[in-house]
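There are 4 protein chains.
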Amino acid sequence: MTSISQHAAPSDAFRDETPWDVGDDGDTLHEECGIFGVIGARSASSVVALGLHALQHRGQEAVGITSFDGGEFFSHRGIGHVAHVFKNQDIFADLPGMMASGHVRYSTTGGSGLRNIQPLFADLADGGFSIAHNGNISNAMTLKRDLVHKGSIFQSTSDTEVIIHLVATSRYPTLLDRFVDALRLIEGAYALICTTPAGMIACRDPLGIRPLVMGRIGSSVVFASETVALDVVGADFEREVEPGELLVVDHNGVISSHRPFGDPSPRPCIFEQVYFSRPDSILGGQSVYQSRRQIGVELAKEAPADADLVVPVPDSGVPAAIGYAAESGIPFELGIIRSHYVGRTFIQPGDSKRHAEVKRKHNANRALVAGKRIVLIDDSIVRGTTSLKIVQMMRDAGASEVHMRIASPPTDHSCFYGVDTPERSKLLAARMDLEAMADYIQADSLAFVSIDGLYRAVGQQDRNAKCPQFCDACFTGEYPTHLTDYDADAVAGETEA
Amino acid sequence: MTSISQHAAPSDAFRDETPWDVGDDGDTLHEECGIFGVIGARSASSVVALGLHALQHRGQEAVGITSFDGGEFFSHRGIGHVAHVFKNQDIFADLPGMMASGHVRYSTTGGSGLRNIQPLFADLADGGFSIAHNGNISNAMTLKRDLVHKGSIFQSTSDTEVIIHLVATSRYPTLLDRFVDALRLIEGAYALICTTPAGMIACRDPLGIRPLVMGRIGSSVVFASETVALDVVGADFEREVEPGELLVVDHNGVISSHRPFGDPSPRPCIFEQVYFSRPDSILGGQSVYQSRRQIGVELAKEAPADADLVVPVPDSGVPAAIGYAAESGIPFELGIIRSHYVGRTFIQPGDSKRHAEVKRKHNANRALVAGKRIVLIDDSIVRGTTSLKIVQMMRDAGASEVHMRIASPPTDHSCFYGVDTPERSKLLAARMDLEAMADYIQADSLAFVSIDGLYRAVGQQDRNAKCPQFCDACFTGEYPTHLTDYDADAVAGETEA
Amino acid sequence: MTSISQHAAPSDAFRDETPWDVGDDGDTLHEECGIFGVIGARSASSVVALGLHALQHRGQEAVGITSFDGGEFFSHRGIGHVAHVFKNQDIFADLPGMMASGHVRYSTTGGSGLRNIQPLFADLADGGFSIAHNGNISNAMTLKRDLVHKGSIFQSTSDTEVIIHLVATSRYPTLLDRFVDALRLIEGAYALICTTPAGMIACRDPLGIRPLVMGRIGSSVVFASETVALDVVGADFEREVEPGELLVVDHNGVISSHRPFGDPSPRPCIFEQVYFSRPDSILGGQSVYQSRRQIGVELAKEAPADADLVVPVPDSGVPAAIGYAAESGIPFELGIIRSHYVGRTFIQPGDSKRHAEVKRKHNANRALVAGKRIVLIDDSIVRGTTSLKIVQMMRDAGASEVHMRIASPPTDHSCFYGVDTPERSKLLAARMDLEAMADYIQADSLAFVSIDGLYRAVGQQDRNAKCPQFCDACFTGEYPTHLTDYDADAVAGETEA
Amino acid sequence: MTSISQHAAPSDAFRDETPWDVGDDGDTLHEECGIFGVIGARSASSVVALGLHALQHRGQEAVGITSFDGGEFFSHRGIGHVAHVFKNQDIFADLPGMMASGHVRYSTTGGSGLRNIQPLFADLADGGFSIAHNGNISNAMTLKRDLVHKGSIFQSTSDTEVIIHLVATSRYPTLLDRFVDALRLIEGAYALICTTPAGMIACRDPLGIRPLVMGRIGSSVVFASETVALDVVGADFEREVEPGELLVVDHNGVISSHRPFGDPSPRPCIFEQVYFSRPDSILGGQSVYQSRRQIGVELAKEAPADADLVVPVPDSGVPAAIGYAAESGIPFELGIIRSHYVGRTFIQPGDSKRHAEVKRKHNANRALVAGKRIVLIDDSIVRGTTSLKIVQMMRDAGASEVHMRIASPPTDHSCFYGVDTPERSKLLAARMDLEAMADYIQADSLAFVSIDGLYRAVGQQDRNAKCPQFCDACFTGEYPTHLTDYDADAVAGETEA
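Chains as they are written, first to last, in our numbering: chain A, 1 to 497; chain B, 1 to 497; chain C, 1 to 497; chain D, 1 to 497.
Derived by calculation from the structure, the hints in this document are not laboratory data. All residues carry an ideal CB built from backbone N, CA and C; glycine is no exception.
Residues from chain D shown here face chain A by an in silico Cβ test under 7 Å; the list is partial: (1) GLN56; (2) ASP280; (3) SER287.
Straight-line alpha carbon distances no greater than 35 Å define the calculated DSBU-like cross-link-like pairs of lysine-lysine that follow: (4) LYS466(A) - LYS426(A); (5) LYS426(B) - LYS87(C); (6) LYS87(D) - LYS389(A); (7) LYS372(D) - LYS301(A); (8) LYS372(B) - LYS301(C); (9) LYS87(A) - LYS426(D); (10) LYS150(A) - LYS150(B); (11) LYS87(D) - LYS87(B).
Where chain B lies over chain A, by a calculated footprint (3+ residues, C-beta under 8 Å): (12) 120-126; (13) 144-152; (14) 165-179.
Work the whole structure out from these sequences, hints included.
Below you can see the structure in the form of structure tokens.
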């Protein structure tokens, strides 16, 4: 979710709470949320904590869990990792009940306040209602303006809260009707897990941009952003929540499926395969690890290199590097060692000190690299600053040639569907052509996998240009929805001017 | 303000923050709030902190300040005393602007959460709106039910929030009209300080049950619950905000007075004179210290005692004891020493351990008391448990006779106007007659000042029975407003059954 | 105890822990410590906490408790009031055993670190040894230098630690012998409570400068700085530990008394009567309240005033004001109201902002004071800054005349026996004669009780000039011991130059 | 360093501070410390923090830094990771000076207190003295008993403090003489960095059991446990501190080398190569990564397997798995995915819940593993519990065969040189033969590299049985020093009985 308010809002008393190591060097793309819910389980809240822990890579700044014990709702939220915010076992005694849901988030500028931590909760006329959202509503500002005008009072600066107010003010008779009424007004990307006194609602936007899967542990029903969370809590994968599907589960485990949006063609986010999801997740029937390994194979075919070693930028480059090495026959070796003691990197929101961080995160394996020609494999290039430093680190360690191979096409458009991307004008691929990029990062050669190569790696014949099988807007600029809150210039970026 | 929600509400992540010494031994009545605002002052927020500090006796559990810098609103809130929550000077840099308002509160059961700490704030269609409330809205639950039904979402469990939603959803054209529209719908007791981008609004309910005064420091205008706060910030007292008056002050210091409720007869709370207000405050033109001293004089006339020493229960009994001693000629001596290191007493909300606390708070001055006949002067008797212990302490210290004199009439009805009283059935005076009370507390004699004696002490000829000059419902049961949310039985209490 | 180290010492990781409201406006004298111990009691540590709470006025900055469960020693220490550091009942479960001792301290500059919080503890060859000290060792620096040279390593910058090292390195065969050996080497003032595996040791320096009393609760033996702590824990006063006496109590409650220093004439600190001790304590057989009230009587005789009201500077001036009023016939009234929500005042160590604080602490009762001639009664004048402000406050409130009467002789020498006094050159009485002081504080008249009046008030005929019955060095400059660590100039002060 | 005191010691006030994720599943061996020092650098303390961060894998529980600014010593210590304890940049302003040293530690039972966090510091007669120690002194208890008997008072329960007291009480004239005098009395393993007003001292025990290297950044001199810390701070590796060498560096950068122990044959710890050191470190001239990869090669030769995939237990098994795959021709694939959001595992000291943790740390890559015969490569087996779970996880994910290969010989003796090992009786290899171990962990086959294979992998022809080139006592039981504090039974373990 994205911060949407430009309004004068009181500063938050808690802003000085130190965000944990959010693992951001400002030069990667960030999934902004992971969601998890379970209904019909003993100690539901601790199951949720474990599930969220497995989804921690989707959001490291804050975490919240809401539970329902048949009578009342309870919640606990905090800034930091799941393991930190829920380190005290006593917390779970304060989150009783057999239904619970939770959310991990990556913060966006200005939105680090506690009141933005999800699940959001409201007392509606029919009782409590919680909502956990992965995605971004691209007409939230427009809807909010209208709601405030009619008397709605917003508690947070989150786009997600718009959904709650739309539900609260809808004139339809039942909660489910009101909820569908609300969804029909919003555009963008959303996977949602809601809890109400009657049970749990899970749904995905019509295009299924953000992922959501369903599993079972015995008689309890589980929803999660990725299958890895099912594995970790010991649930069996049942199926994906389908794009445009809305599932309602009551306290007896009875599930009903609704399809309020008809049957549009799905467009799941392809970047989940490239980077966001855990390699041990299965997404749309496809093993993420295998997709990434296969991207490496495609890349080796499309962009071979004459080299001594294939070196991954750890850890995200490892599967593609294994594929590249296997296809090319060049040995796979750990030429870069990653510290265990940073997240994706060790820095707080904002970008001061970003540059000093690379070294704390990655260190060259000098003894291995010295005198060698290496193929460096990374998942993507965002601003290019990290790539530049990594290439430099390899040269400082004595590498005689550095050939950079990227396991995704050039990222040259911003995402408006729940991924934290820089403005388009800061994306290296939006600013330069391939040759200029190679120069910028000082690589001896640079190549990206082609968009068709990527589609092949994830199991398609090739990209269906008329009706692409995935949302690949970050690579192609083909946004599958309206972007009401964003004017055309913002979307196009100043690089187009 | 009182917690009004019986709804399922999520527990608050912060409930385990330790409330400070809230100074409650469960056997005194509590003013639940103090409010303070200033407009047109440099460092307005630090002026508010100082003012709230002087009003700390009106609410010890939590404190909040909201400021406005001409563009944005800022706020800081926390659990604990003013001196604790605002101990770091840096906080004031985060509360910039020349208008600020604040609130101290005493918590009620279940409502200790951060989100109930005032001033409450909302982004309305015309901009930010903050509200600080002293009093209690006696139809808040009824109004809230209706608002929620129409789609309003409440953030807190405070009755005060009802006012904000009434303003937000009012169809009148201007904010002031909408505010008056809201006030017309509420019943009960309220002194309010609101801030809006256009300036500050201060008002008192039509009967003026809760106090509110206006002062000036140079060109800035100040509002406060009591005059002592004016003294402490260096402001000159100007006048009381009149019952039913609504004052609007803009950023140029221009003040306009409105009287939306016509001109009903005022009924200010008489217990402010007896106990709540600081002795150095002036209330309705009457020095609180002199009122209390004079109650002692009346009490000595109405209920003399044959004794060696007049001993106050410190500190609230001291002025009446001075009056009693002066009138009776019996020497005033400190027969009980009060520790400086507890508030009104050292205990947290809830009532465990209440009993161990008396000793930590008060200790007999044995060398003085031994062998003496003493007149003990206290301000009131609530449940009677403290009186019993104090009498016992005097006897243990060797007092030969203990004559208890109480500087108020018997408290035998609950307050529904912003004072935290036990249910009627727990009030000693509602359970017993005078003789039984004397037996219960084991005093050699017991007397209360008469209701007319009390009225005389505060400067009236006597009580006007048809149209009493004060709200004295806690003594007489004559509630001056409807009590919509409370059924007749609750008001009457089971002792009437 | 005083910080003695000038050595390079590592800064303490915890120095930024916020000291609580230490109640210091820099213009009062401070007792630096209170001590309490109990042996043979269930939940000994919680008895100690209650006892220390009653001694909180003797030291507000830090508190520690050490217990012994027959096998091991345990301790908990922290910065802040007893009620804060021990607010969590679970702490007492971590302080098991039937013997415990504790200490409250007022910090001195540079010595706020946790490692200086007492009881200090060491593992000696014969087992654990804890020590809690009230007083000051006036040759500690000299002794420390020698000990360090021989290989002792100090953990704290406290003078008290010298005693432990002297015990540890003594060559005598038994712990008691080694302890006496250590005491023989130190000079100055000390009341000590030590715990060892064999039991508790309590002792007072040969002159008995600092107080220490013994009491009993059933079969347990209690030691405390003042009798008020006995009252609060429910112990019966037995007797004072005599000057120069060393009491050893074993785990069966067997007590043995030792007098290692022969039988010098006692010189207890007279300022305990004037200011330090609680009014409900009994010191040397004399009620502190009565002493102070009697000082007021003497003062009224020695320095009458033509006035309308006797007004105490609360709370320490109250007993003397009652005495003055009784003797003079002028009515006693509360012309100054003291806030409950500061300690002795609201400020942190260091003296910034000292000046803004008076108002937060005291407020004039304008309605009473306006137009009146008042006699103001205070306990002492240190720097004079507070007196000046209080007199000014009375005038601002409309007092027509202000006659200041001080319930102690002029304080014109520093204390080296455990009281935190400014350098002599900052004491008003060391800088000016009576008339100049009256001018400085802008009083219409000023008088101090005479030294003989003071001695009479505390029950003596008069002061025995050859061999004074008390240590009154702060008034007379007659120090009863060597002051090895302090050169003559420091003692005399630059005012003598 | 190891906790050595069995004495009654007061519990620490800070024990309830939550240790961070210490990364311990109780089934790995732990290096207990990393040390780092720099002299002659601006912002020396922040260089140390960065260096310690790179050594975080050597100790995750606590960290401390001491600095010296030419006049005074400063220190900051805390529980948690370097990035946590030093997250606030302001801390470095409180650690001024151009010389600083630091320490990270892994706690041992009962020794988590703040006072055990190094560097330890003392004010000696010649000034401040700090010491940071990696290793374990095997006669510390014996020495301590003697020191305490003579009057030394210990502050910590750390063996390291013995060295300070030996220095403090030595009768030699210069600090260096006293330090050498102290070292001659101790036995065991130690790499030390000390700071004194005159400069820095770095030394290694005569056998060089624990590592220590020297580097330079411009004119500053750096010491660190491993070369990776030199890389991260931007220092150039100069040479190892040699076994038995003592280097003194003054504030002008002048270095003198001393060899107080003559010239014994070195016996550096071989487990540093196998597991403790970072793969990007160079130890004794040997790349740790290459050593581990080569162990995999040796293992493939010694213990081939008929399988489809080589799967490392991440991350420590990866280099050996790469070697095994390269030698065997079986593809290397990530069959187990490791979460980034735990340290080595997510659990606190003590071993409750150890069992639930494996899943949070590692998850099977089901899509890859299902139906495959896999060779699992891990670094070592300690208790065997983790191996059992990992094998089980592979089978649950559908692996048809699981062949476990271990990149070290069987660990069947405890370490007494600074590595936290279970008692011998809990080591799987001390309890069972190879076949029984294979059964216990339920692997289809199990093999360890031979001791000679290990020696070959680290660059030796083979192990010199008479005078082994390394300390390999954990594999062979041949301890290279006396173990004064440990009786023969403890060393041998009850399994020998």
